[in-house]
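Visitor: Below, each chain spelled out in residue letters.
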Amino acid sequence: MDRPIRVIVAKPGLDGHDRGAKVIARALRDAGMEVIYTGLRQTPEQIVAAAIQEDADVIAMSILSGAHNHLFPKVVNLMKDQGADDVLILGGGVIPEDDIPGLKEAGVEEIFTPGSATQTIVDFIKNNLKRD
Amino acid sequence: MELEKRLLDGDKRACARLISMVENNNKEAISLIKKLYKHTGNAHVIGITGPPGGGKSTLTDKLVKSLRDEGKKVGIIAVDPTSPFTGGSILGDRIRMNDLSLDPGVFIRSMGTRGHLGGLSKATQGAVKILDIYGCDYIFIETVGVGQSEVDIVRTADTVLMIMVPGLGDDIQAIKAGTMEIGDVFAVNKSDLFGASKTAREIKTMLEMNHNMDRIPPVMQVTALKNEGIKELLNEIKGHMEYLKENDRLNKRRESNARAEIINLIEEEILSLILRKNESVGVLDDISQKVALRNMDPYTAKDEILRAIDL
Ligand SMILES: Nc1nc2c(ncn2[C@@H]2O[C@H](COP(=O)(O)OP(=O)(O)OP(=O)(O)O)[C@@H](O)[C@H]2O)c(=O)[nH]1
Ligand SMILES: [Mg+2]
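In order, the protein sequence lines correspond to chains W and H. Our numbering numbers the first residue of the first sequence as 79 and each following residue consecutively. Our numbering numbers the first residue of the second sequence as 859 and each following residue consecutively.
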């Protein structure tokens, strides 16, 4: 692909820390991607609106507050409602092992927990894009 | 041409996809612009520049909200620098405009400069045209910030809004000549902070000293964070467009902008022709090596390369 990959990095939910999200944003930038950083406390609707207007290839969300089971699938469904099914949706943050299968079933392509190396995330994105 | 119909119908996904296509120099998007170009030119294009962190995004957010109260349709293009080393970028202007994301009458797009040096990206002008066709009444362009370079914005916008902040003090004297000359409207943002009116006075004095101007740009004090002075600033921006519409000024400005854009496009095309041809045969590598080793001078090298593409 001879264009930069465009990634929305978003923090849905109410928790007030975005250090993790910023670390990811920088790692993706350093891997040559265009990262659209949308900041704290985004609603799923706002994240989807940003992804549509920015024509993003990827939505990467991080949640620490525990609302992932509700918020991640919501984003997946809102994207489907828009007919945008060519966007790779990823989740991260403090996510219990037990919740991961359900999230994947709901359409979140991969879940990265705090131990994940940033290179793993970069590689996953590069290998799993849904459009060229 | 399904995308064309959707764009004309105001479909945001189509608009977004077409802007990407323009950014990637896609033929289909270019031919769509060719076809519909005659319908563009209705939008008032406003360039916003000023020092990094001066409040460009916050102020854009407030100006756009005010235009939305009037029912206007608005496009925003926010440009941030791309790293020349990795080709990546973090585009963070949306953070200040999140309330606008869901507004059906607003379209926000972040762009990386992708190696272009004039303060915007190479594709910004194309994106402006897409937003114009999409039906925007106003299009705001936030540059990467003054000091980096402000050449592009003058050539792209109808009105340049120059944002300053208090405390520039004596530094105003040091502001590069070009900076003061490109502003059509000045705003001293962060007027809640100490020294705002002094800064505004100093800017006014500097502008009045400039005898070449047949119109002295207004200097407004605003506090974007508190939504203060926004209506008044917006009126001055609209006033500048009224001024342009008198005496054929708008056409003249757009003519000189068009000239710059055409020359730019030609330069790009020629450069990419040269690089494509020479790269494929490795000529550029060879010649550069010769020049480095003093076996050839750069002027002869240039002649050889131009001959290779038969210019
Ligand atoms: N005190 C004060 N702070 C403001 C005002 N307007 C914006 N800010 C703050 O200034 C900081 C930068 O604002 P932005 O709108 O991101 O500025 P910018 O010029 O777009 O910044 P870059 O795009 O990074 O160059 C933020 O923390 C804003 O909250 C204001 O009127 N008063
Ligand atoms: Mg900004």
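These are calculated hints, taken from the structure and not from any lab test. Some clues are possibly wrong.
[Claimed, not checked] Restraint ranges, calculated between C-beta atoms of paired labels, are given here:
| # | chain 1 | residue 1 | chain 2 | residue 2 | range |
| --- | --- | --- | --- | --- | --- |
| 1 | W | 210 | H | 927 | 17 to 23 Å |
| 2 | H | 888 | W | 144 | 44 to 50 Å |
| 3 | H | 1155 | W | 104 | 20 to 26 Å |
| 4 | H | 957 | W | 101 | 22 to 28 Å |
| 5 | W | 148 | H | 1120 | 36 to 42 Å |
| 6 | W | 119 | H | 1151 | 55 to 61 Å |
[Unchecked claim] Using 25 Å as the maximum straight-line C-alpha spacing, the simulated DSS-like pairs for lysine-lysine come out as follows:
| # | chain 1 | residue 1 | chain 2 | residue 2 |
| --- | --- | --- | --- | --- |
| 7 | H | 931 | H | 1096 |
| 8 | H | 870 | W | 152 |
| 9 | H | 931 | W | 208 |
| 10 | H | 870 | W | 158 |
[Unchecked claim] Far from chain W by the CB rule (all over 12 Å, computed), these chain H residues:
| # | residue |
| --- | --- |
| 11 | 869 |
| 12 | 882 |
| 13 | 894 |
| 14 | 938 |
| 15 | 944 |
| 16 | 961 |
| 17 | 1055 |
| 18 | 1107 |
| 19 | 1127 |
Remember, it's a predicted structure, so these values are computed and weren't measured experimentally. Quick reminder that beta carbons are idealized off the backbone N, C-alpha and C, glycines included.
Visitor: All hints are to be evaluated individually against the structure, with a verdict given for each.
Guide: Against the structure, the hints come out as follows:
Separated by about 42 Å at the C-beta atoms, residue 210 of chain W and residue 927 of chain H break the suggested range of 17 to 23 Å. At roughly 48 Å, the beta-carbon separation of residue 888 of chain H and residue 144 of chain W lies within the given 44 to 50 Å, and the hint holds. A C-beta distance of roughly 43 Å is found between residue 1155 of chain H and residue 104 of chain W, which places it outside the suggested range of 20 to 26 Å. For the pair residue 957 of chain H and residue 101 of chain W, the beta carbons lie near 27 Å from each other, so the given range of 22 to 28 Å is met.
Separated by about 53 Å at the C-beta atoms, residue 148 of chain W and residue 1120 of chain H break the suggested range of 36 to 42 Å. Separation of residue 119 of chain W from residue 1151 of chain H is about 59 Å and conforms to the stated range, judged on CB atoms against 55 to 61 Å. Between the alpha carbons of residue 931 of chain H and residue 1096 of chain H the distance comes to roughly 15 Å, so the proposed pair stays at or under 25 Å and holds. For the suggested pair residue 870 of chain H and residue 152 of chain W, the alpha carbons sit about 20 Å apart, so the restraint of at most 25 Å is met.
As the CA atoms of residue 931 of chain H and residue 208 of chain W are separated by approximately 32 Å, the hinted pair breaks the 25 Å bound. For the hint linking residue 870 of chain H to residue 158 of chain W, the alpha-carbon distance of about 15 Å falls within 25 Å, and the restraint holds. Chain W draws residue 869 of chain H into its interface by the beta-carbon criterion, the shortest separation being 10 Å against a cut-off of 12 Å. Annotated as non-interface, residue 882 of chain H brings its C-beta within 12 Å of a C-beta of chain W; the closest such distance is 5 Å.
For residue 894 of chain H, the non-interface assignment is confirmed: its Cβ lies about 19 Å from the closest Cβ of chain W, beyond the 12 Å cut-off. Taking the minimum C-beta to C-beta distance to chain W, about 9 Å, the non-interface status of residue 938 of chain H is violated against the 12 Å cut. Residue placement check: residue 944 of chain H does not keep its beta carbon more than 12 Å from all beta carbons of chain W (closest about 5 Å). The claim that residue 961 of chain H is not at the interface with chain W is violated, since a C-beta of that chain comes within 12 Å of its own (minimum 9 Å).
Distance check on residue 1055 of chain H: its Cβ is at least 32 Å (rounded) from any Cβ of chain W, clearing the 12 Å threshold; non-interface status holds. Taking the minimum C-beta to C-beta distance to chain W, about 33 Å, the non-interface status of residue 1107 of chain H holds against the 12 Å cut. Listed as a non-interface residue, residue 1127 of chain H keeps its Cβ farther than 12 Å from every Cβ of chain W; the least gap is roughly 18 Å.
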